[in-house]
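Student: Given the structure of chain P, go ahead and fit chain X onto it with the hints provided.
Protein chains: 2
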Amino acid sequence: MAISMYSATVPVFQHMLANLSHLLDKGEAHAQARKFDPAAFATYRLAPDMLPFARQILIACDAAKNGIARVSGVEAPKFDDTEQTFAELKARIQKTLDYLATVPAAAMDGTEDKDITFPVGRDATRTMKAQAYLLTWAMPNFYFHITTAYAIMRHAGVELGKADYLVGAKR
Amino acid sequence: MAISMYSATVPVFQHMLANLSHLLDKGEAHAQARKFDPAAFATYRLAPDMLPFARQILIACDAAKNGIARVSGVEAPKFDDTEQTFAELKARIQKTLDYLATVPAAAMDGTEDKDITFPVGRDATRTMKAQAYLLTWAMPNFYFHITTAYAIMRHAGVELGKADYLVGAKR
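The listed protein sequences correspond, in order, to chains P and X.
Sequential numbering of the first sequence, starting at 1, is according to the numbering used here.
Sequential numbering of the second sequence, starting at 1, is according to the numbering used here.
Chain P extracted, bound-state conformation (with noise of 0.2 Å):
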């Protein structure tokens, strides 16, 4: 089937959603079984003045529920921000697995040229075209969450390989 701005975006969503969900069952294992704080793990960073764990999960879930509310218009839930164990952050990562699941593909195809105007920073905005703004901005931005939380449970030493990051979830 031909590829469409919802197959491009929003199963990758989901999918890549999943595994974060799959990365943080190894890193609450670890924990456990270190007896580490969970709070020391929520707030657990790779240099001063990066953005600790808890957060980087929950950018992650934004960039996916924000980029795909933008372009589809299916409004979505606000979250409060509070999540700081495993157990809560995996919810908040159901939570935007629920919202996505109700994205009808109708609401997202032929959006291409869509102008999107985002917040950037906090007195900014900017307008993409709804292509660019979800393969270019929404999508590199929810990746790099992905990957900081990986490096940060990494370098804390919890046990886990570029499997866990790219097939952790069944589909």
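These are calculated hints, taken from the structure and not from any lab test.
You may find that some hints are simply not true.
As the list claims (entries may be wrong) - Heads up, incomplete: computed chain P residues facing chain X, CB under 10 Å, no partners named:
#, residue
1, 36
2, 74
3, 75
4, 139
5, 145
6, 157
Note that the coordinates shown come from a computational prediction; the quantities given were computed from them, not determined experimentally.
From the three backbone atoms N, C-alpha and C, an ideal C-beta is built for every residue, glycine too.
Tutor: Frame of chain P, contents of chain X only:
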């Protein structure tokens, strides 16, 4: 214009490879200012059992090059994987961009359901449809190594921000 196998992949790889080259410019300036041994940078890693900096760049390039070559059938150059310095790594990115520029849209479009068989590890192969292969294997792999290179540079003190990763390059 309707999204296509070409437009969903080749320009995205090109955009992010240009951004990666921009990240390397910042890394190089930092290394020169701090008088880092280039060899120390090339072998710097986030964990003893993660791949070092230079390898992250090489694999990112190959994820794009091999992904597009396998789907388009346009023969790709083989590289010797000897790059270590920033100048050599940027030349590797440029060679990858030079290859991508030779791939016509017609060689990509309509390949959605083509079976792609590719190596997984040393002794196994896997077969996926071209669209799934590019969007849920080659592309995540590509972003993984770019983001890990970014994380290694941040961990080494290079002053980078998300804006460098997302929009470093003018297109």
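Student: So, for every hint listed, does it hold in this structure?
Tutor: Taking the hints in turn, this is what the structure says about them:
A distance limit of 10 Å between C-beta atoms decides the matter here; for residue 36 of chain P the minimum to chain X is near 16 Å, and the interface restraint is violated. With its C-beta approaching chain X no nearer than about 19 Å, residue 74 of chain P sits outside the 10 Å limit, and its interface hint is violated. Look at residue 75 of chain P: its Cβ only gets to about 24 Å from chain X, farther than 10 Å, so that hint breaks. Annotation: interface hint on residue 139 of chain P holds; nearest CB of chain X at approximately 8 Å, less than 10 Å.
Restraint check, residue 145 of chain P versus chain X: the minimum CB separation of about 9 Å is within 10 Å; hint holds. For residue 157 of chain P, the interface hint holds, since its Cβ comes within 10 Å of a Cβ in chain X; the closest pair sits about 8 Å apart.
Hints 1, 2, 3 from the list above are not met by this structure, while the remaining hints are.
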